[in-house]
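Position chain B relative to chain A; hints supplied.
Residues per chain are reported as follows:
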Amino acid sequence: MKTEINSEIVIIGSGPSGLRAAFTAINNNLTPIIFDWNSYLGGILRLLGKEIKEPTEARIFTNTTVININYNHRGNHKLIAVRKGEIINVNTKQIIIATGSRDITAAGAKISGSRPAGIFTATEALRLLAEGYLPGKKVVILGGNEISIMLSKLLFSKGVQVTLVTPKTKIENITGVQLIQGYTITHVKGKERVEKVKLALSDENFTPIKDDREYECDTLIVSIGFKPLNILLNNIPITIDILTGGPVVNERLEALPGINVVGGSLAPFEALKNVEQTGNIIFREITRESFINIKPGANVKFLVPQKIIGSEQATLFYSTRPGFQKLKLVEYNIEIPINETEGFVEINTTQFKKNATITIDAVK
Amino acid sequence: MIKKYIEDIVICIVSEKSFPDQVDIVVIGAGIVGLFIARELSKYNLKILVVDKNPDAGWGASKGNAGIIHAFQLPFRSLKGKLCLEGNKMYDRIAKELDVPFKRVGLIIISLNILESLLAFIIYIYLKLNGIETHIIGKKKLKELEPNVNKKARLGLYLPSAGIISVFDLITALIENCRENGVIFSFNTEVQKIDLNDNISSVITNKGIIKTRWIINVAGVHADTIARMAGINNFKIYPRKGTHLILSAKNVYNHLLAEIPLKPDPKTKGGGALLTIDGKILLGPNLKEDTVDKEDTSTEHEDYDIIINKYKRIIPQIESIDILVAYSGLRAASNTNDFIINVPKKGFVNVAGIQSPGLTAAPAIAKMVVKLLENHNPNLSPRKDFKHIRKRSAKIKDLILEPENMIKIIEENPEYGEIICPCELVSKAEILEAIRQGATTLDSIKFRTGASMGECQGSYCTPKILNILSSSLNISPNNLTKKGGNSWIVISHQLHHD
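Heads up: the protein sequence lines correspond to chains A and B, in order.
The first sequence: position 86 = 120 (the working numbering), numbered continuously.
The second sequence: position 407 = 520 (the working numbering), numbered continuously.
Excised from the complex, chain A in its bound form:
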């Protein structure tokens, strides 16, 4: 079966940022088409059991995989998707990439050892739960971020014995979950199934300082952070930002004219509210022409957007190293207070020269 669709806007992925982008498109009087590989809407929101508001004005295709994007400079992009054997050809003017992120793996966390069954990432564990499977009986989660805490609670509620190992030192107690704070995991033992993990005293970045004890378990779940997942952009001439691991974008989150990238596929966000917020700004109005480059300072982990092409306001997403209270626009000597290590602030861009480079750093 073949289906042909002409559309103004296609959104690939219906997680928190894709759904938000759909509502933004609808508010702009557009009828978005939403494709999702999952059999449901909502992505991680659904996996975490959160309430999902469905964009009823959108045309929704679940169980659908976009296989290829054929980018066209004149603005008529072609896209091929499949849904259980049905082939869907789409012509569209705008594509929103909201394919999300992937977890950093055990190897990405520099965990060594054998490679037995029972090593999962957080989203893999959430997906297993959604299919009615438990990842193990005695689970150790390495993490400390929002997702790892929600996963701990979820696993405990299913009767699993859960230990959360985290390098952080100020995590609030989670009912039923054993907390091991100030630690990371360096090594896995077990030939066929996970049998033990090695704990080590750790700094805030999961870097081990001193080996400690072995800890018995049958499962290790790694939840130390994310990386943008952008397989569909492989054949499109975009520039990758080494700090975000996602594409370089402007204040409308465009990687190229007509291709916006939002949420986890844009940058390794840890907090869902920031992921969601990216979906709000895809139609930011451009009123003048500028070529402003944004340069991250040493205390910044990443900044998005990386360039500003001419809106009067821009939303700046930031992630800083721990312990800073302000963002500083170095060349303009402007300071903006921040309360978290990851978040977003509004900046007025009319105060900048048209082709300025602005260094933004975190300061105390």
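Calculated directly from the structure, the hints in this document are not laboratory data.
Quick caveat: nothing in here was measured; it's all calculated off a predicted structure.
Here a beta-carbon is modelled for each residue, glycine too, at the ideal position from N, C-alpha and C.
Check before you lean on any hint, since a few could be wrong.
[As the list claims (entries may be wrong)] Each pair of labels, with its calculated beta carbon distance range: (1) B/190 / A/223: 56 to 62 Å; (2) B/516 / A/335: 36 to 42 Å; (3) B/430 / A/355: 18 to 24 Å.
[As the list claims (entries may be wrong)] Covered stretches of chain B (chain A as the covering partner; in silico rule of three or more C-beta atoms under 8 Å from a C-beta of chain A): (4) 559 to 571; (5) 589 to 600.
[Claimed, not checked] Partial pick of chain A residues on the chain B-facing surface, computed with a CB cut under 7 Å: (6) 118; (7) 119; (8) 121; (9) 125; (10) 139; (11) 142; (12) 151; (13) 167.
Relative to chain A, chain B alone:
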């Protein structure tokens, strides 16, 4: 033919006795070398059985290597040196016949200082004298070819004959082609005892006794144990572990890259900043001499820093790229530090000590084994109906740039239009095909289809693959394993707090 495979597989799974009572040849070990030997022997009128103790083929050194087709191996006069050159030349044809992705990307050996450059000239002359195509490339040309190489690089030695092959695809292709040519496989079959006789020997396994005229010992790290069962005690295998890292970035460089070995260690072998067949960065392998446990393929925490620090000399930016996978393999090196390929007693062939460059040499090893057998069996008769060509079953990933063909195969079989692994674009049809070919574990599906080998490492597709395996094999998800034994994956019911 397919029906026959399924019968074979079903027999393997359900019955204790999964093979005929008597064959002409038993190959012990279904690694790359064993498979090449079985394929070469299947060109003759022989009844061949391949046994392996693992649930699927290639689970020893074959899956733990880097997939490099080496340009040369020192010393040139050694058996491994000779077979490496011979095998290297055979790969274009093999890749074509077996329809396996293979690229002669070439190797560039890079010098970073004056001393290394001097040594580079000596290596250049030495390689030229030994007939290895080698070119010196200057700083400017090197920068043009590989812009991300360390700015200090002075010159490079370019060896165009080095290549990369998809080892997993090669294993799958060899099994399929062997089966097509009548070779029988029995997995989960461990050899316990050998009763060697001049005419008919017996191989005693956990699945029963096989009578055979010849035994070919290709048991990798266990080759010395198997030889001892046949009363041959003249060599020992000392496994040498090598660890590899796969990073998440693609196309950072396009050639295999290595350093000039300023302090050449005769036992250090070929590690480099390498590539996977789809262009990902593959670093390593390093070398550990003190490996004792023949099953221990674990990595050590220090491996990460040792490997990254070594290769950031060549490509500085690797330090900031995310690591996707770390894995080790065991080189089945012998006490002679060379391949041991001989007939110590009539009815028994040793193919042992196959360390690096075993993958490169494998097709040449197979030719050599056939010659050895011909010497003892002058009336080996070639088959007229040997099938050289194996066609790889359709993969959606291969058809991204051919939308017309893709649409055609999806229309023929809608299961191709159901994508299970979104990172590597593996469809349900491909997973079902792997199951038809005998995959029963999660790792088998991974190695045979590429599902879960991509960016997310299975975070998305693992539950879906479990569902497919469970319903196709009619096994409860609780009883599915990653790699056999006690490697259970999930529990499918809610637990309750006491």
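Do the hints match the structure? See the list:
1. B/190 / A/223: 56 to 62 Å: Given a distance of about 44 Å, which is not inside 56 to 62 Å, the answer is violated.
2. B/516 / A/335: 36 to 42 Å: Once the Cβ atoms are compared, 40 Å apart, the range 36 to 42 Å for residue 335 of chain A and residue 516 of chain B holds.
3. B/430 / A/355: 18 to 24 Å: holds (21 Å)
4. 559 to 571: Our answer is that it holds, as 5 residues pass the Cβ test (under 8 Å) against chain A, meeting three.
5. 589 to 600: holds (count 8)
6. 118: holds (5 Å)
7. 119: holds (2 Å)
8. 121: holds (5 Å)
9. 125: Not OK, violated: residue 125 of chain A not within 7 Å of chain B, min 14 Å.
10. 139: Hint holds; residue 139 of chain A Cβ to chain B Cβ min 5 Å, cut 7 Å.
11. 142: Holds - the Cβ of residue 142 of chain A comes within 7 Å of chain B, reaching about 5 Å at its closest.
12. 151: holds (4 Å)
13. 167: For residue 167 of chain A, the interface hint holds, since the closest Cβ of chain B sits about 4 Å away, which is under 7 Å.
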